[in-house]
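**Student:** Residue numbers (the numbering used here), protein chains in the order written: chain A, 1 to 400; chain B, 1 to 251.
For the record, the hints were derived by calculation from the structure and aren't laboratory data.
Do not take every clue at face value.
For each label pair, taking beta carbons as the anchor points, the in silico distance ranges come out as [stated by the list, open to error]: (1) B:Thr-119 to A:Ala-230: 25 to 31 angstroms; (2) A:Asp-62 to B:Pro-207: 56 to 62 angstroms; (3) A:Gln-236 to B:Leu-235: 18 to 24 angstroms; (4) B:Glu-234 to A:Asp-104: 39 to 45 angstroms.
Think of the CB as a built atom: it goes at the ideal place given N, C-alpha and C, for glycine as much as any other residue.
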Amino acid sequence: MTLRDLLPAFIVFTLLSGCSTLGPTHDIKGPVPLNKTLAEIPEEQLLDAWIELFDPGELPEDEDEAMGLSMDIRDAEARYIPEQLRTTMETTGHWGAVRLVPQDTSGGELLVQGKILASDGEQLALQIKAFDATGREWFNRNYEEELDEGVYKTRGVNSLASDSDVFQPLYNTIANDLAEFRRTLSATDISTIRQVAELRFAADLAPDAFAGDLAVDAKGHYTVVHLPAANDPMYQRVLAIRDRDFLLIDTLNGHYDNFCREMETPYSEWRKARSEEAAALRKVKNDALQRKLLGVAAILGAIVLETSNNGNYSSSVLRDTLVLGGAYAIKTGFDKDSETDIHRDAIIELDESFSTEARPLVVEVEGETHELTGSAEVQYAKWRALLKRIYESETGFTDS
Amino acid sequence: MDKYNLKIYRSLFAAALLALLPAAAASASDEQLLERLRSDYAAMVSAEADFHSRRERGILYGNEAADYAAYVAGLHRRVAQDCMALRENGLAIPAGLSCPDDPAILIAPAAIDQASEQTATEATATLDSELLEGLGEFDEMLLREQERIKAATPQASAASGGGSGSGSEGGTAGVSGEPDAASGAETTYGEGAGPGSPRTTVSSSAPPGTPDGHDDDVVARQLREAAEKEADPELKKKLWEEYRKYKAGTS
Numbered sequence: 001m002t003l004r005d006l007l008p009a010f011i012v013f014t015l016l017s018g019c020s021t022l023g024p025t026h027d028i029k030g031p032v033p034l035n036k037t038l039a040e041i042p043e044e045q046l047l048d049a050w051i052e053l054f055d056p057g058e059l060p061e062d063e064d065e066a067m068g069l070s071m072d073i074r075d076a077e078a079r080y081i082p083e084q085l086r087t088t089m090e091t092t093g094h095w096g097a098v099r100l101v102p103q104d105t106s107g108g109e110l111l112v113q114g115k116i117l118a119s120d121g122e123q124l125a126l127q128i129k130a131f132d133a134t135g136r137e138w139f140n141r142n143y144e145e146e147l148d149e150g151v152y153k154t155r156g157v158n159s160l161a162s163d164s165d166v167f168q169p170l171y172n173t174i175a176n177d178l179a180e181f182r183r184t185l186s187a188t189d190i191s192t193i194r195q196v197a198e199l200r201f202a203a204d205l206a207p208d209a210f211a212g213d214l215a216v217d218a219k220g221h222y223t224v225v226h227l228p229a230a231n232d233p234m235y236q237r238v239l240a241i242r243d244r245d246f247l248l249i250d251t252l253n254g255h256y257d258n259f260c261r262e263m264e265t266p267y268s269e270w271r272k273a274r275s276e277e278a279a280a281l282r283k284v285k286n287d288a289l290q291r292k293l294l295g296v297a298a299i300l301g302a303i304v305l306e307t308s309n310n311g312n313y314s315s316s317v318l319r320d321t322l323v324l325g326g327a328y329a330i331k332t333g334f335d336k337d338s339e340t341d342i343h344r345d346a347i348i349e350l351d352e353s354f355s356t357e358a359r360p361l362v363v364e365v366e367g368e369t370h371e372l373t374g375s376a377e378v379q380y381a382k383w384r385a386l387l388k389r390i391y392e393s394e395t396g397f398t399d400s
Numbered sequence: 001m002d003k004y005n006l007k008i009y010r011s012l013f014a015a016a017l018l019a020l021l022p023a024a025a026a027s028a029s030d031e032q033l034l035e036r037l038r039s040d041y042a043a044m045v046s047a048e049a050d051f052h053s054r055r056e057r058g059i060l061y062g063n064e065a066a067d068y069a070a071y072v073a074g075l076h077r078r079v080a081q082d083c084m085a086l087r088e089n090g091l092a093i094p095a096g097l098s099c100p101d102d103p104a105i106l107i108a109p110a111a112i113d114q115a116s117e118q119t120a121t122e123a124t125a126t127l128d129s130e131l132l133e134g135l136g137e138f139d140e141m142l143l144r145e146q147e148r149i150k151a152a153t154p155q156a157s158a159a160s161g162g163g164s165g166s167g168s169e170g171g172t173a174g175v176s177g178e179p180d181a182a183s184g185a186e187t188t189y190g191e192g193a194g195p196g197s198p199r200t201t202v203s204s205s206a207p208p209g210t211p212d213g214h215d216d217d218v219v220a221r222q223l224r225e226a227a228e229k230e231a232d233p234e235l236k237k238k239l240w241e242e243y244r245k246y247k248a249g250t251s
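The following block holds chain A by itself, in its conformation from the complex (with noise of 0.2 angstroms):
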């Protein structure tokens, strides 16, 4: 094969990166318009989507990347950033209720689940998976987002707890890919979505009455094969159940939204300041690294000088010059260099002042939403005890 060969293929790759809006990483630059609907969308073609919390990730294994950063923030930050996520979905109009969930809760018509990538006040990368109901998978992308120095400066100190969030652009790209999916399924398939959302909430609570009529290949897709008559009296349990679960989730929202308010203003003032030092950071690294190169620019010239003299004395002067202003600049350099530690110690000490404040909050919102699922998760295992026992007094089957 040659290089003439490889040209179309080549090409093409090429301006399928160049559209990277449905590729594997979005590298979001500037502003992103958020898609809103045009008109409102009838009740039964919207699909509820829940967000999990977010997978915390891991810190960078680079020290200087890690610098002060703390999985207590990540914690943090896990239950943070969904939400900012999921403000932005819900103003788009083009879902239903968008609320956040624990991991691994099941029963949601679309489900969007997320890793944190990378995250330290003036970058964010996030990895985003979205399904349905059905196991379709919508898809899975990494959204980056890296802010211009000086944007936390132009917003100014009022806009940190009142103005949209600073990664709103990622949030924007992330609810527009979306609602893009979301564009290209038919009517039916929005219907299918929600009948099979039902019908795996009503399997999983009343097995014995439904699982039949679902089926799952071996690739995780689900199927309806029978429909339970709307006026099903055993439908109808699980449906009021099934309601119960809707309300479980927002009682979970307002625990979320109270960790959110809090958060708020110490984690805009903790990724404002950080993002500060970590500028005046680099740029007394610049300074520093700029010196020692002057400096040794500087005596290399003299060095060539001194190779080249011919025991001129306006060169020897010149020499010494070079040598001494090099010295000096290095030294300087040095100098310049001792004050990194002066902004790498406020960098940390700004790091763990807020996993201070982060920690109580995380652990107090984890406490809630445990203590809440919990008993439902006890109660939820009575109703299916009681369900089945319904289903054998109704049928007379029995399991014997």
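Once you have looked at the hints, place chain B on chain A.
**Tutor:** Then chain B, alone, in the frame of chain A:
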């Protein structure tokens, strides 16, 4: 019969049984013993007849039937004890009254075995009652939790929330001229409002005098969302009324 009526019946039966405690017969005179036997016997016969009548008419089933049966069984025990007390005092059982031959048998709670008498429909109805009761308790638990959440809502942040922020970063939302029409119609809260903001904002469809929804709890939020989305003007009006009533009750 709903779960609340059922609860009332059960409480009444329990109270009636408590009132029939045998300890009351400790030191009664012969005349009093005879009078008590007549009274208890009449109550037993009447209750038993009523029980069978209701069962035949199909208006007594489930937990209510079980409670009623327990009540009748208690009356049987009471009559048997009255008879024993009379015999111990050397008195004859009045004519027209028949004492149970063996009170010990009657003491057993299976005087009327409801479980075996229940048909499949009755059994399902009993289980349905249990399910309804569980759902009610679950609702109450969630409402209590929502009250707790509401009480724990940070006030300062709540006040600062509610920015309408329809623009994306850099103020570019609204490109292509699409957002305003949509957001006015159905958005629930502003994109830029941040996590601390309420899910509802003042909507153009809300009648004058309707609270702005900045401190809505989950129930209020659902009512508001339903009112905003309702197309039927009459129903919409009623939903807004419900919303205002609920807000008035919780504020």
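**Student:** Work down the list of hints and note, for each, if the structure agrees.
**Tutor:** Taking the hints in turn, this is what the structure says about them:
1. In this structure the supplied range 25 to 31 angstroms holds for B:Thr-119 paired with A:Ala-230, their Cβ-Cβ distance being about 26 angstroms.
2. One distance hint, 56 to 62 angstroms for the beta-carbon pair A:Asp-62 and B:Pro-207, holds here, with the actual separation near 58 angstroms.
3. About 22 angstroms separates the C-beta atoms of A:Gln-236 and B:Leu-235, a value consistent with the hinted range of 18 to 24 angstroms.
4. Roughly 43 angstroms separates the CB atoms of B:Glu-234 and A:Asp-104, a value that falls within the hinted 39 to 45 angstroms.
In summary, the structure agrees with every hint in the numbered list given earlier.
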